[in-house]
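S.K.: With chain A held as given, fit chain B onto it using these hints.
This is what each chain is made of:
There are 2 protein chains.
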Amino acid sequence: MNCDLLIKNGLLQTPDMGDPGRALPGFVAIRDGLISACGPMAALADGIRPAVTIDAAGGLVLPGLINCHNHAAMTLFRGLADDLPLLTWLHDHIFPAEARFVTPEMVYWCGKLAAAEMILSGTTTVADGYFFEDDCARAFREAGLRAVAAQGVIDFPAPGVPDPADNIRHGARFIDKWRGDDLITPAIFCHSPYTCSAQTITQAKELARQVDCCFFIHLAETEHEVAQSYQRHHLSPVRYLEQLGVLDQGTVLIHCVWLDDDDIGIIKESGAGVVSCSQSNMKLAAGMAPLDKFVENDIPVGLGTDSCASNNKLDMFREMTFAAKLAKVNRLDPTLLPAGKVVKMATTGGAAVLGLADKIGQLTVGRSADIIIVDLLKPHLTPMYETDSLLVYAASGSDVRTSIINGRLVMDNHELLTIDLPEVIGKVNELARRLRSGP
Amino acid sequence: MNCDLLIKNGLLQTPDMGDPGRALPGFVAIRDGLISACGPMAALADGIRPAVTIDAAGGLVLPGLINCHNHAAMTLFRGLADDLPLLTWLHDHIFPAEARFVTPEMVYWCGKLAAAEMILSGTTTVADGYFFEDDCARAFREAGLRAVAAQGVIDFPAPGVPDPADNIRHGARFIDKWRGDDLITPAIFCHSPYTCSAQTITQAKELARQVDCCFFIHLAETEHEVAQSYQRHHLSPVRYLEQLGVLDQGTVLIHCVWLDDDDIGIIKESGAGVVSCSQSNMKLAAGMAPLDKFVENDIPVGLGTDSCASNNKLDMFREMTFAAKLAKVNRLDPTLLPAGKVVKMATTGGAAVLGLADKIGQLTVGRSADIIIVDLLKPHLTPMYETDSLLVYAASGSDVRTSIINGRLVMDNHELLTIDLPEVIGKVNELARRLRSGP
Chain A
1 MNCDLLIKNG LLQTPDMGDP GRALPGFVAI RDGLISACGP MAALADGIRP AVTIDAAGGL
61 VLPGLINCHN HAAMTLFRGL ADDLPLLTWL HDHIFPAEAR FVTPEMVYWC GKLAAAEMIL
121 SGTTTVADGY FFEDDCARAF REAGLRAVAA QGVIDFPAPG VPDPADNIRH GARFIDKWRG
181 DDLITPAIFC HSPYTCSAQT ITQAKELARQ VDCCFFIHLA ETEHEVAQSY QRHHLSPVRY
241 LEQLGVLDQG TVLIHCVWLD DDDIGIIKES GAGVVSCSQS NMKLAAGMAP LDKFVENDIP
301 VGLGTDSCAS NNKLDMFREM TFAAKLAKVN RLDPTLLPAG KVVKMATTGG AAVLGLADKI
361 GQLTVGRSAD IIIVDLLKPH LTPMYETDSL LVYAASGSDV RTSIINGRLV MDNHELLTID
421 LPEVIGKVNE LARRLRSGP
Chain B
1 MNCDLLIKNG LLQTPDMGDP GRALPGFVAI RDGLISACGP MAALADGIRP AVTIDAAGGL
61 VLPGLINCHN HAAMTLFRGL ADDLPLLTWL HDHIFPAEAR FVTPEMVYWC GKLAAAEMIL
121 SGTTTVADGY FFEDDCARAF REAGLRAVAA QGVIDFPAPG VPDPADNIRH GARFIDKWRG
181 DDLITPAIFC HSPYTCSAQT ITQAKELARQ VDCCFFIHLA ETEHEVAQSY QRHHLSPVRY
241 LEQLGVLDQG TVLIHCVWLD DDDIGIIKES GAGVVSCSQS NMKLAAGMAP LDKFVENDIP
301 VGLGTDSCAS NNKLDMFREM TFAAKLAKVN RLDPTLLPAG KVVKMATTGG AAVLGLADKI
361 GQLTVGRSAD IIIVDLLKPH LTPMYETDSL LVYAASGSDV RTSIINGRLV MDNHELLTID
421 LPEVIGKVNE LARRLRSGP
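Heads up: the sequence lines are chains A and B, in that order.
Heads up: the first sequence at position 136 corresponds to 136 in the numbering used here, and the numbers run straight through without jumps.
Heads up: the second sequence at position 132 corresponds to 132 in the numbering used here, and the numbers run straight through without jumps.
Next comes chain A alone, as it looks inside the complex:
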């Protein structure tokens, strides 16, 4: 048996090993970008002839993490304006910076920087939404990062889309360009019900249905947004989208902080997915999402970091520990969202939300080889009683030493193999200098 890459001696848990209840030393063989075999070390065939072998001894071998919400270009705004009232933050800092500094070049280099940060911290797939998304997708592709890349749609003049009347056309062109790519799955991102008209929302969803792609929308992020929705439409944001007929399995609802039980029932019935961004919701003081109820109702849930403007870090390990702890304190119940469920959200849950359940999220034969190795030989990961607890409560992105995406080794021993990091940091620092120096 030949293979392109063989990972051996690392601890792993795979459905192909049954359920041993804990991680055991095992191997993963990769061929043509897919997992071609995996199992316990004892089952590793003598005759296997790998082109490249990675010894994962002392490591934990896992499916790569899936970050279901980001705006990578906004990495330029990391730490630009924190601790401010929401509207001051948006109107006095973020919107003006976006109006002046978002260019294809900026989106490309910040996309590269975000890709570097995500790969180094164990993310192998990101769902991203912004303007000039083509340049972001190009950066991700070059970095070897898998992405669901969504062109932004909004009813204001936007970077690259000066006339909002063109917004759906721009989305359609973007999707056309990237369809069939093995790493980049194109999609559409309607900003929100309060920045897009009913017509824009329904047309964007219509486009998504035609080409069978994800339709993302920010929803019910703040209490203010919900009050405004009742004022304008006499409906909650969820019921408003239901009325527009845009809720189905291809729709991904970002945030979902302020929902009532009816809203949750409607989402469940529709098959739509939800993405929760605990850190962003906390930092912007948006609120605490009812993550426990999504789980209880078997709604597909993924986790997202949101952008560097509101987090300010793209580390999915940190997002996991925030999600687990926020859900508990929100209801004063320590049993909610146990570690295993949080790890699922960051892997199989995210894959389901993004319509990639058959492709990524699990170490099993036939899936894409999107794999990370966590280095266990660290004081803060000692002792290890249970892997899910370790991943959610003790590990961080910097513990990831190796990353393989679509069968390609993109990071090994903490070194990026696909990105010229000094060049990228230099370019973004130059953009930041221009931003800081003002008009």
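FYI, nobody ran anything at the bench for these hints, they're computed from the structure.
Some clues are possibly wrong.
The list makes no distinction among identical chains, and a pair is therefore deemed to hold if it is satisfied within one copy or across any two copies.
What the hints assert, rightly or not - Straight-line distance between alpha carbons at most 20 Å, and here's what the computed SDA-like set of lysine to any residue pairs gives:
hint: 1; residue 1: K359; residue 2: H224
hint: 2; residue 1: K427; residue 2: L332
hint: 3; residue 1: K8; residue 2: T335
hint: 4; residue 1: K378; residue 2: G426
hint: 5; residue 1: K8; residue 2: L431
hint: 6; residue 1: K341; residue 2: W89
hint: 7; residue 1: K378; residue 2: D412
hint: 8; residue 1: K378; residue 2: E415
hint: 9; residue 1: K344; residue 2: K359
hint: 10; residue 1: K378; residue 2: R433
hint: 11; residue 1: K427; residue 2: Y385
hint: 12; residue 1: K378; residue 2: P422
hint: 13; residue 1: K427; residue 2: L417
hint: 14; residue 1: K378; residue 2: S398
M.R.: Chain B alone, transformed into the frame defined by chain A:
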């Protein structure tokens, strides 16, 4: 001018440079364990002759972080039992494990492991409380970690104190042994008002007053504890301690989640310090402490990780980002606890709470040389507009590359210089194997 150690070329902010509003390239000279000079690079005297020079170019030079609450021995229980109801966790897992596995040897090796984790992640001072604290203090001392080490006092048979009638005597002996040590400041830790009698609490505080040391006590952690206090004493926990006459500047109240405005006023008047442990409070679903009100009332506040049984990590950078974000979402106000205030809590605030305000917490001439260097050349720390934002929202413990405590280089380029890490990890893994294999 001679000095033992010179740090140069790193970015730093020090009161000795006035307030330039941002970090500038500077130097810190260290002699006999103290900061002997610091300032901008331009002010570095030509004739300085350092025994050792550290080039901190590309780094941010900071006072080391102060972890105000830990039980280092409990590092053995990291991930042993998560996501459980509080009483099940305590009575079925933690207490039985403590009864069987807490020995001087266990406390020593877990103290070493905790010291390794803390030093690697930028903590230079820890306040610790447990039984066999002498062995923990020994481990910290050997590791070169500064500590306020407190012998535990509780009205049950405890490890090393089989007869609770001896608990104050044990505390007194411990304090006697360590008084005058330049790294270890001994103290006393009364477990709580619900596990210690009024007599134990007042006697322990009496001892602390006699020897002028810190008196720690867990207080108002859960809603249940407050209800119980009203039932037993017809008083809130804070008013109960006030009535016992144990609230003063030397008293440190750990947790303080469930307080009313009267409680906060009493703490303010008394001069007692407060330690907040956001992650532990969230993971155990204890609640959200009114951190914003402590700040508003100028109550001295430090941050603590609590132990690995309830966090499960000893990274003060993670504790800072949790504190900032939890305070905001708690009140739905993003302006609360801005990054600068959180950094103060983890440095000068912690120093004040521990009675070490004149000794540690700031980079200024005459203070102890407890200094860390954060490596800025990382994608997740790019760009940098403002250092406090970077430290609280983007950095993590693994970004700390160098640590100096009491003038001694204890970690450089992420390598521990005072701890044999493989030995320590091996010893703790062996203890964990015994624990897991059961009776």
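S.K.: Now tell me, hint by hint, if it's right for this structure.
M.R.: Hints and how they fare:
| no. | hint | in the structure |
| --- | --- | --- |
| 1 | K359 to H224 | neither (38 Å within a copy, 47 Å between copies) |
| 2 | K427 to L332 | neither (46 Å within a copy, 36 Å between copies) |
| 3 | K8 to T335 | neither (35 Å within a copy, 49 Å between copies) |
| 4 | K378 to G426 | between (31 Å within a copy, 11 Å between copies) |
| 5 | K8 to L431 | neither (42 Å within a copy, 28 Å between copies) |
| 6 | K341 to W89 | between (34 Å within a copy, 19 Å between copies) |
| 7 | K378 to D412 | both (17 Å within a copy, 16 Å between copies) |
| 8 | K378 to E415 | both (18 Å within a copy, 12 Å between copies) |
| 9 | K344 to K359 | within (15 Å within a copy, 47 Å between copies) |
| 10 | K378 to R433 | between (37 Å within a copy, 17 Å between copies) |
| 11 | K427 to Y385 | between (43 Å within a copy, 15 Å between copies) |
| 12 | K378 to P422 | between (27 Å within a copy, 9 Å between copies) |
| 13 | K427 to L417 | within (18 Å within a copy, 36 Å between copies) |
| 14 | K378 to S398 | both (11 Å within a copy, 11 Å between copies) |
In summary, the numbered hints that this structure violates are 1, 2, 3 and 5.
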